[in-house]
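Engineer: Below are the chains, spelled out letter by letter.
6 protein chains.
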Amino acid sequence: MDETWLPTLRTETPQEGYALSIKLARVAVKMTQADPAIRDDLCALYEKDADALIAVSSVVATHFQTVAAANDYWRDK
Amino acid sequence: MDETWLPTLRTETPQEGYALSIKLARVAVKMTQADPAIRDDLCALYEKDADALIAVSSVVATHFQTVAAANDYWRDK
Amino acid sequence: MDETWLPTLRTETPQEGYALSIKLARVAVKMTQADPAIRDDLCALYEKDADALIAVSSVVATHFQTVAAANDYWRDK
Amino acid sequence: MDETWLPTLRTETPQEGYALSIKLARVAVKMTQADPAIRDDLCALYEKDADALIAVSSVVATHFQTVAAANDYWRDK
Amino acid sequence: MDETWLPTLRTETPQEGYALSIKLARVAVKMTQADPAIRDDLCALYEKDADALIAVSSVVATHFQTVAAANDYWRDK
Amino acid sequence: MDETWLPTLRTETPQEGYALSIKLARVAVKMTQADPAIRDDLCALYEKDADALIAVSSVVATHFQTVAAANDYWRDK
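Same order as they appear, the protein sequences are chains P, D, F, U, B and S.
Residue numbers for the first sequence follow this note's numbering, beginning at 1 and rising by one.
Residue numbers for the second sequence follow this note's numbering, beginning at 1 and rising by one.
Residue numbers for the third sequence follow this note's numbering, beginning at 1 and rising by one.
Residue numbers for the fourth sequence follow this note's numbering, beginning at 1 and rising by one.
Residue numbers for the fifth sequence follow this note's numbering, beginning at 1 and rising by one.
Residue numbers for the sixth sequence follow this note's numbering, beginning at 1 and rising by one.
One chain only, chain P, in its complex shape:
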């Protein structure tokens, strides 16, 4: 995780901002669990688990608040 993966919070459109929010939600998992094999097991697991999917969706929503504010809600589009 040494390379630059988050140079800015600005995106062209709300949709790109939403995609960035999903990325932000995933990176925390990546940084907490460094072993890719365990991460893959976890992913296979929670992708079939409604509760986990909703919980991920909640984290995405929180990040989307941040990204949307950073872009002034794309009001000038």
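Derived from the structure by calculation, the hints contain no laboratory data.
Hints should not be assumed to be uniformly reliable.
Because identical chains share one entry, a pair is satisfied inside a single copy or across any pair of copies.
Unchecked claim - Cut-off 20 Å, straight-line C-alpha distance, at most; resulting in silico cross-link-like pairs (SDA-like, lysine to any residue):
1) 30 <-> 15
2) 30 <-> 12
3) 23 <-> 13
4) 23 <-> 6
5) 23 <-> 38
6) 30 <-> 69
7) 30 <-> 19
8) 30 <-> 3
9) 30 <-> 6
10) 23 <-> 10
11) 23 <-> 5
12) 30 <-> 76
13) 23 <-> 40
14) 30 <-> 10
15) 30 <-> 52
Given chain P, put chains D, F, U, B and S in place with the hints provided.
Structural biologist: What follows is chains D, F, U, B and S alone, placed relative to chain P:
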């Protein structure tokens, strides 16, 4: 998910903003679980589960905060 | 749900704003689970479940943030 | 719940604002579960349950954000 | 809890603000469960429970948002 | 925890702000559970638990909101 599904956060009314928030909550699930058959199973499951329904409602509430701010709370209506 | 149920986020008082927040929390459940019979079962269930009651209370709190901001916290009262 | 219980979000001090946040967290439970006997059972239950206590604490935190903002964080004190 | 425990949300540094957030998270538990013996049992329990620790951490994060805003994010330091 | 670990919320880049958010999420656990041996057990446990990883990710998201606001969303970069 390549087409444009979120061109703007602006809506005419609070009610349309609320509908957009529900959409925003659902898209994260869609993007995390790509297989539509599994998604359908999950939906059937959590629609009968009070905890899951409340959790979805919580994600909608977070998105509604964002959408409402993006629309200046529809104050000029 | 075709009729207008959310024409505005403005309320006269904080207390009316709180009542609106409860409504906003409930509508997401209504929209996710269209069958009223299942909804009634769920309601009976979670009304006796402390965890579910607290979870609903959390969703109400998030909506109350939005409604309070929309009303400038009723500062001019 | 017909009488006025929330005339304003303004309080004299942060501590009074915190007390108001606890009240706001409790009212949602009261409004969702109208039967006082069941409410009492629930209270007895969750007061011994660490998870429920933390969940209540989370709702209080969300309301405290709202109340603090409504009071401009008591900056002029 | 009659004495003054929260005279202000202002702190000198972000670190003191973080400590205040932990205090704010704990007080809600204290106020909900008045019996110190039960509170001690609960503490012993949840201090060994990862989920509870993370949940407490979440409440601290919410309070830290409030305290940071109250201090204008300590921008003038 | 007596030394200074949080002198400022300002960071040079969003990515550094994200790293700070992870730190903020971890410190609350550290402060709640003082025994390092128990903390290590907990870490080993929740690093293999999808739900816990998502919950941590949620706390990081909340802190990232605070840090991003403190840095004006790094808009001048």
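Engineer: State for each hint whether it applies.
Structural biologist: Do the hints match the structure? See the list:
1. 30 <-> 15: For residue 30 and residue 15, the Cα distance is within 20 Å only across copies (14 Å; inside one copy 23 Å).
2. 30 <-> 12: neither (26 Å within a copy, 22 Å between copies)
3. 23 <-> 13: Classified as both; 16 Å inside a copy, 17 Å across copies.
4. 23 <-> 6: Both, since 10 Å and 17 Å are each at most 20 Å.
5. 23 <-> 38: within (19 Å within a copy, 22 Å between copies)
6. 30 <-> 69: Answer is neither; intra-copy 25 Å and inter-copy 24 Å both fail.
7. 30 <-> 19: both (17 Å within a copy, 12 Å between copies)
8. 30 <-> 3: Only inside one copy: residue 30 and residue 3 sit 14 Å apart there, 28 Å across copies, limit 20 Å.
9. 30 <-> 6: within (14 Å within a copy, 24 Å between copies)
10. 23 <-> 10: within (14 Å within a copy, 22 Å between copies)
11. 23 <-> 5: Classified as both; 10 Å inside a copy, 18 Å across copies.
12. 30 <-> 76: neither (34 Å within a copy, 28 Å between copies)
13. 23 <-> 40: within (16 Å within a copy, 24 Å between copies)
14. 30 <-> 10: Neither way: residue 30 and residue 10 sit 22 Å apart in one copy and 24 Å across, limit 20 Å.
15. 30 <-> 52: This pair counts as both: shortest intra-copy Cα distance 16 Å, inter-copy 13 Å.
The earlier numbered hints that this structure contradicts are 2, 6, 12 and 14.
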